[in-house]
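There are 2 protein chains.
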Amino acid sequence: SARSTEDDDDVSEVFLDHRQIGAQQELYMINPLTPGSIFLLPHGTRIYNKLLEFMRAQLKVFRFEEVVSPIIYRKSLWETSGHWEKYKEDMFEVGGRNEETKEEYGLKPMNCPGHCLMYDAAERSYRELPIRYADFSPLHRNEASGALTGLTRVRRFHQDDGHIFCRPDQVQEEIKASIKLVDNVYKIFKIPSYRLLLSTRPEQYIGTIEEWDRAESALREALDESGQQWLVKNGDGAFYGPKIDILVKDSNGKEHQAATIQLDFQLPHRFQLTYRGEDDTLAHRPVMIHRAVFGSVERFMAVIIEQIQGKWPLWLSPRQAIIIPIADRHVDYAREAQEKISGVPSGDRADILDFNISTFYVDIDDRASTLGHRLREAIKKGYNYIGVVGDKEMTDGTVALRPRTGSPLVKKIDDVRQFFIDSVARYE
Amino acid sequence: SARSTEDDDDVSEVFLDHRQIGAQQELYMINPLTPGSIFLLPHGTRIYNKLLEFMRAQLKVFRFEEVVSPIIYRKSLWETSGHWEKYKEDMFEVGGRNEETKEEYGLKPMNCPGHCLMYDAAERSYRELPIRYADFSPLHRNEASGALTGLTRVRRFHQDDGHIFCRPDQVQEEIKASIKLVDNVYKIFKIPSYRLLLSTRPEQYIGTIEEWDRAESALREALDESGQQWLVKNGDGAFYGPKIDILVKDSNGKEHQAATIQLDFQLPHRFQLTYRGEDDTLAHRPVMIHRAVFGSVERFMAVIIEQIQGKWPLWLSPRQAIIIPIADRHVDYAREAQEKISGVPSGDRADILDFNISTFYVDIDDRASTLGHRLREAIKKGYNYIGVVGDKEMTDGTVALRPRTGSPLVKKIDDVRQFFIDSVARYE
Ligand SMILES: [Zn+2]
Ligand SMILES: [Zn+2]
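Going down the list, the protein sequences come from chains D and S.
Heads up: the first sequence begins at 1 in the numbering used here, then just goes up one per residue.
Heads up: the second sequence begins at 1 in the numbering used here, then just goes up one per residue.
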């Protein structure tokens, strides 16, 4: 079995793109009946859900409130937001199939207009700002079919989207916090390096020069305070506001746009959003900040898959461990190990699961083939830990653990579970 | 403040429907720009996410694998499934807005056809069955606008949907497990009583009498084994298979259809699904079981809201606790209590959150109004625990906790947190 590890290492010298790894690990599939819409298969969904769970935890720290907003909206919403006209080619339209009740809807390409409706559903006071909405809704954009590829160019995707509605004097704090969140997250994913790019007022713009100057200087100060390296692209902002793009470099040195932080003077105006100020009037317009840390969750998955070449850290791994009984007489013990380590009861114990219990993805391979064959297959599938159990382990209540990297170790069943819990808590 | 509890109790004698409670607790909103599509507001999303998190835990025990499947599919998929014709009035159609590339899509009203594509993406062996997919995708059904109401009659909703592809000889085990899962879940939600209804072969049916007899007897045996009360509605099955409906009775004695377990001989046939049998041929057709435990998550929320009259148990509550400092000099201590009990760091400690840490929704009310006023407001909002802190608590490192029901108690900050963790683990 030492041989096969070497084989495995040899194979991994070749750079694989996310589509190759995605197929190998059965993470996702695509079907011509819906081009550009990813089917996340069970193992891909495990990763996707973990990414969302991770982000939800961080959003709590940064005081975002998740919402679930609708997916179709009448044409008139998109006319108000400007998407119906400017985003025409990229939008799908929706209608009832009953001619009598037919209405024209747009399938949302972005969450922003829906969030404006939520903001606008109640009178807001300067005291309750900032309001920060997060949303993981599916988005649809009608990309040309020739451009569709893997997880990176798709028609249906999910963002870790967020919108902050704040007072002008809160912009700098919010930008600073957004950069901090990006930095926190990228550290966890060991993203080797990234650059912050500030794009400033273009020739065509809305709003006043004073608004722009104030916003840009807030962004510059937030960038300075971040301690990160940053650059300016003069005149490269959107017509509706300055922005900060975060470019991550993958292990090949290729840059991808992931996070973005974008000021918007326009949507609050188009939706006539206001808040009651200290002067007790509603003559105040909030600033809207669009921001995403992963950006497209699907594209972020692609970047991570390629960066780590499918070698998932334990916490994010869809295949955390597999237990292999050496012979038939070890199968029951292997099942016991599987159940105890995974935290997932089975059989007659398949009762309700405690709410806060940690669970792990632990498989078992008790097929009637040689140990060598099963080991090779488990290695190929990329399990973080392969646990072999035979007579000695059964007697001792242990598992012989073979980590994907590093030296083999023998641990008591309960200690394996605790070791997993501790590793995951540290994002290892 | 004893007065105000009584007031609160008086008010609760009046039965409120979920729309009233939903508005009072700011759980969701509706906007005419998208009739029948619910906007789950922050506090409603907390409940919704908790329900999904809860169900995901149970799905692990019952060996379902979650997937994320696409939302739009070409017309031809819906022709294969039969929905395009039979479900016409209820479906939304989707098209690109670019005339040149326009294609006809349907917005999915159900996940089943997409799951058939996933099943069919690889050759399946009798050994790997049952395959159990779970999916929480948004679904759209074009209900008549006059019928739309609250969370119960909507156009966009989410199911805790699941499809089991199994061999005929596995049907009974799968049905039995499905009933067990329903029972486990309903116990947690203290659903006072429910009835199981078996609907059998109607006059119009597909398949053979033998298939139906075998399936119905498998269902009967599973029902008998469940130990639950069950009834038969002869001839009331769908033309494509027998089913079990679970009717829950709310506190008013009104019955709602929630869970459903439905056998399907038709879709596997329409999609030409096969598996390789022990005889090494592909001449085997899996049975498909559609099942949902919550049913529509939105409707389930409505049932629960009315059943508990908005008095959420701690584990499911969107407002678990609020800390009220008696005077200005107690504000810092109140913040400390909030941070320690919630498990969510803030301010300079706003760093990455450990992955497995338990967090709670703990607010603070440090506004400059009287204690009585703040207490009354907190009671009205339905917090499970109101923690008051003053000089004595500050000195002792405690919080004076006032539960929504029961007697007040004083606890150390850390003990409050541990008490919350323990309560939630027991679904209290
Ligand atoms: Zn946006
Ligand atoms: Zn179905």
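Any given hint could be a false lead.
[To be verified] The list that follows gives simulated cross-link-like pairs (lysine-lysine, DSBU-like), each with its CA atoms no further than 35 Å apart:
#, chain 1, residue 1, chain 2, residue 2
1, S, Lys190, S, Lys102
2, S, Lys50, D, Lys50
3, S, Lys381, D, Lys392
4, D, Lys102, D, Lys50
5, D, Lys311, S, Lys311
6, D, Lys176, S, Lys381
7, S, Lys381, D, Lys86
8, D, Lys187, S, Lys176
9, S, Lys190, D, Lys88
10, D, Lys380, D, Lys412
11, D, Lys340, S, Lys75
12, D, Lys86, S, Lys180
13, D, Lys180, S, Lys190
14, D, Lys50, S, Lys190
15, D, Lys102, S, Lys311
16, D, Lys50, S, Lys86
17, D, Lys392, D, Lys187
18, S, Lys88, D, Lys180
19, S, Lys381, D, Lys50
20, D, Lys102, S, Lys180
21, D, Lys75, S, Lys187
22, S, Lys102, D, Lys340
23, S, Lys392, S, Lys187
24, D, Lys102, D, Lys176
25, S, Lys411, S, Lys50
26, S, Lys412, D, Lys190
27, S, Lys311, D, Lys412
28, D, Lys412, S, Lys233
29, D, Lys102, S, Lys75
30, D, Lys102, S, Lys381
31, S, Lys190, D, Lys381
32, S, Lys340, D, Lys75
33, S, Lys233, D, Lys50
34, S, Lys187, D, Lys176
Honestly, the hints are just simulated from the structure, not real lab data.
Predicted model only: the values in this text are computed from it and were never measured.
So, going through the hints one by one against the coordinates:
no., hint, result
1, S:Lys190 <-> S:Lys102, "50 Å, violated"
2, S:Lys50 <-> D:Lys50, "15 Å, holds"
3, S:Lys381 <-> D:Lys392, "59 Å, violated"
4, D:Lys102 <-> D:Lys50, "40 Å, violated"
5, D:Lys311 <-> S:Lys311, "46 Å, violated"
6, D:Lys176 <-> S:Lys381, "33 Å, holds"
7, S:Lys381 <-> D:Lys86, "43 Å, violated"
8, D:Lys187 <-> S:Lys176, "46 Å, violated"
9, S:Lys190 <-> D:Lys88, "50 Å, violated"
10, D:Lys380 <-> D:Lys412, "26 Å, holds"
11, D:Lys340 <-> S:Lys75, "47 Å, violated"
12, D:Lys86 <-> S:Lys180, "52 Å, violated"
13, D:Lys180 <-> S:Lys190, "43 Å, violated"
14, D:Lys50 <-> S:Lys190, "30 Å, holds"
15, D:Lys102 <-> S:Lys311, "40 Å, violated"
16, D:Lys50 <-> S:Lys86, "38 Å, violated"
17, D:Lys392 <-> D:Lys187, "41 Å, violated"
18, S:Lys88 <-> D:Lys180, "50 Å, violated"
19, S:Lys381 <-> D:Lys50, "32 Å, holds"
20, D:Lys102 <-> S:Lys180, "43 Å, violated"
21, D:Lys75 <-> S:Lys187, "44 Å, violated"
22, S:Lys102 <-> D:Lys340, "53 Å, violated"
23, S:Lys392 <-> S:Lys187, "41 Å, violated"
24, D:Lys102 <-> D:Lys176, "46 Å, violated"
25, S:Lys411 <-> S:Lys50, "26 Å, holds"
26, S:Lys412 <-> D:Lys190, "39 Å, violated"
27, S:Lys311 <-> D:Lys412, "44 Å, violated"
28, D:Lys412 <-> S:Lys233, "54 Å, violated"
29, D:Lys102 <-> S:Lys75, "18 Å, holds"
30, D:Lys102 <-> S:Lys381, "41 Å, violated"
31, S:Lys190 <-> D:Lys381, "42 Å, violated"
32, S:Lys340 <-> D:Lys75, "47 Å, violated"
33, S:Lys233 <-> D:Lys50, "43 Å, violated"
34, S:Lys187 <-> D:Lys176, "46 Å, violated"
Of the numbered hints stated above, those contradicted by the structure are hints 1, 3, 4, 5, 7, 8, 9, 11, 12, 13, 15, 16, 17, 18, 20, 21, 22, 23, 24, 26, 27, 28, 30, 31, 32, 33, 34, listed in ascending order.
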